[in-house]
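Colleague: Chains as they are written, first to last, in our numbering: chain G, 10 to 312; chain V, 891 to 1046.
There could be a bad hint or two in this list.
Footprint (simulated), chain V over chain G, 3 or more residues, beta carbon under 8 Å [as the list claims (entries may be wrong)]:
1. 83-94
2. 208-218
Over 12 Å on every C-beta distance to chain V, these chain G residues come out as not near it, computed from the model [to be verified]:
3. GLN42
4. HIS111
5. ASP133
6. ASP194
7. ASN250
8. LYS263
Simulated from the structure, these hints should not be mistaken for laboratory data.
By construction, the Cβ of each residue, glycine as well, lies at the ideal position given by its N, Cα and C atoms.
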Amino acid sequence: MKKKDLISITDYSKEDYLRILELAAYFERNPNQRLLQGKVVASLFFEPSTRTRLSFETAINRLGGRIIGFSDAGSSSVSKGETLHDTIKMVSNYADLIVMRHPLEGSSRYASEVSDIPVINAGDGANQHPTQTLLDMYSILKTQGTLDNINICMVGDLKYGRTVHSLLMAMSEFKNPVFNFIAPDELAMPEEYKLFLKEKGIKYYEHTEINENINYADIVYMTRVQKERFMDPIEYEKVKNVYILKNNMLKNTKFNMRILHPLPRVNEIHTDVDNNEKAYYFEQARNGVYTREAIIAHILNLK
Amino acid sequence: MSDSLKKKLKLKVSAINNGTVIDHIPSENLFKVISILGLQNLKTQITFGANLESDKLGSKAIIKLSDVFFEDDEINKISLIARNAKLNIIRDYEVVEKRVVEVPDKVIGIVKCFNPKCITNNEDITTHFTVISKSPLDLKCKYCEKITHEDQIAIK
Chain G
10 MKKKDLISIT
20 DYSKEDYLRI
30 LELAAYFERN
40 PNQRLLQGKV
50 VASLFFEPST
60 RTRLSFETAI
70 NRLGGRIIGF
80 SDAGSSSVSK
90 GETLHDTIKM
100 VSNYADLIVM
110 RHPLEGSSRY
120 ASEVSDIPVI
130 NAGDGANQHP
140 TQTLLDMYSI
150 LKTQGTLDNI
160 NICMVGDLKY
170 GRTVHSLLMA
180 MSEFKNPVFN
190 FIAPDELAMP
200 EEYKLFLKEK
210 GIKYYEHTEI
220 NENINYADIV
230 YMTRVQKERF
240 MDPIEYEKVK
250 NVYILKNNML
260 KNTKFNMRIL
270 HPLPRVNEIH
280 TDVDNNEKAY
290 YFEQARNGVY
300 TREAIIAHIL
310 NLK
Chain V
891 MSDSLKKKLK
901 LKVSAINNGT
911 VIDHIPSENL
921 FKVISILGLQ
931 NLKTQITFGA
941 NLESDKLGSK
951 AIIKLSDVFF
961 EDDEINKISL
971 IARNAKLNII
981 RDYEVVEKRV
991 VEVPDKVIGI
1001 VKCFNPKCIT
1011 NNEDITTHFT
1021 VISKSPLDLK
1031 CKYCEKITHE
1041 DQIAIK
């Protein structure tokens, strides 16, 4: 049987998404299962990522699997000059599954070609982070009861933010999504994604500030506006406070609206939002564990 | 001297008995074409000229290869850098067939990905692109998924 990988969100069909989301709900009800007993998972983090690594390792532990690996390239043979090719070849002789994060784009696709065992992409540079997208979808499904007819407001860095790009592509598989993009001009949604939506006949609107747009949203997806993305620091100073979500801005939002954020948050969501029932980002992170259990089970045909 | 006589005399100098003439190559890309087709490894006679006058290109290069015939897949590799190249297939000093090059659907191992953070620019990997537009040329990298546009194309 052909091995399954998860490298790019577009490798999967709508049926795959639905199957994984159904499994995620199952693992939320029954998080501790011994499905990975006797299996070894390689967790290869060529660059540090506390949240994603801990989420994956929790998922593997809850499934009863054992973990080998490293949490930054400095403690691996990469520091001795070993190529990615050789590292992956070696590890694929040891383990049953590879979970990898790497700073270079396309590294996971390449690893999946080199490896005899399945590879899950836990982030390859600014390219793809498909498990984040699936957990975002699971969070939307859980809070809205459906993935159809969802109005999503995406806020912040829409140019470099890979999570918003992948979420946009995945949600476009479902009925009648509406997108509102709120970003400074420097960080606007790239043309290629707008073209993608146009070709699919999907509605989108662009704004440069958070205003009453969010009152129509079912999901407000916040991202961080990073200083280092700006050529001109003055431009950053001008916009940095425009994209901060505060509790008093949520008064007229829909009762079912939920705020998502891939985390880590810096200051783009004021802490006074945290106690609002519409703040969903910490539950979203917890959903990540169930979703990753589901992805592993799907890829290894455990369930 | 009439034009046709001039042409004949000119041809006589470098005419080949059997083989392929690749014409209308942009002069600046002559050596890239040689390299892509691996002509440096041939043992048969090769003559080439560059900086020749051309109505179409201003300046063109031409390569004449004795006893060499190309498959489409092979010759289409040069379409990325010699869009208007024309092939004349010669048998017994006569042109028996004319062909043009076509941009293929996949480009493997010729072009560099423009993205410096792509794994193919950091490790010894054969590049692999899907052609998503032929004119202007847009190549989507199989690895980093970024698009290399026509004006960014560099040969590996």
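Colleague: Please verify the coverage claim for the region 83-94 of chain G: does it have three or more residues whose C-beta sits within 8 Å of some C-beta in chain V?
Modeller: Satisfied; 3 residues make the cut.
Colleague: Please verify that the nearest CB of chain V lies beyond 12 Å from GLN42 of chain G's CB.
Modeller: About 34 Å separates GLN42 of chain G from the closest Cβ of chain V, which puts it past 12 Å; holds.
Colleague: Are all C-beta atoms of chain V more than 12 Å from that of LYS263 of chain G?
Modeller: The claim holds: LYS263 of chain G sits with its nearest Cβ about 34 Å from chain V, beyond 12 Å.
Colleague: Holds or violated: is the Cβ of ASP194 of chain G farther than 12 Å from all Cβ atoms of chain V?
Modeller: The assertion about ASP194 of chain G holds, with a minimum of 22 Å to chain V.
Colleague: Per the coverage rule (Cβ-Cβ under 8 Å, at least three residues), is the region 208-218 of chain G covered by chain V?
Modeller: violated (count 0)
Colleague: Minimum C-beta separation from ASP133 of chain G to chain V exceeding 12 Å: can you confirm that?
Modeller: Non-interface label fails for ASP133 of chain G: nearest chain V Cβ at 8 Å, not farther than 12 Å.
Colleague: Taking the closest pair, is the beta carbon of HIS111 of chain G still more than 12 Å from chain V?
Modeller: Violated, because the least Cβ-Cβ distance between HIS111 of chain G and chain V comes to about 8 Å, which does not exceed 12 Å.
Colleague: Against chain V, does ASN250 of chain G hold up as non-interface, every C-beta pair farther apart than 12 Å?
Modeller: 31 Å, holds
When each numbered hint is compared with the structure, violations occur for hints 2, 4 and 5.
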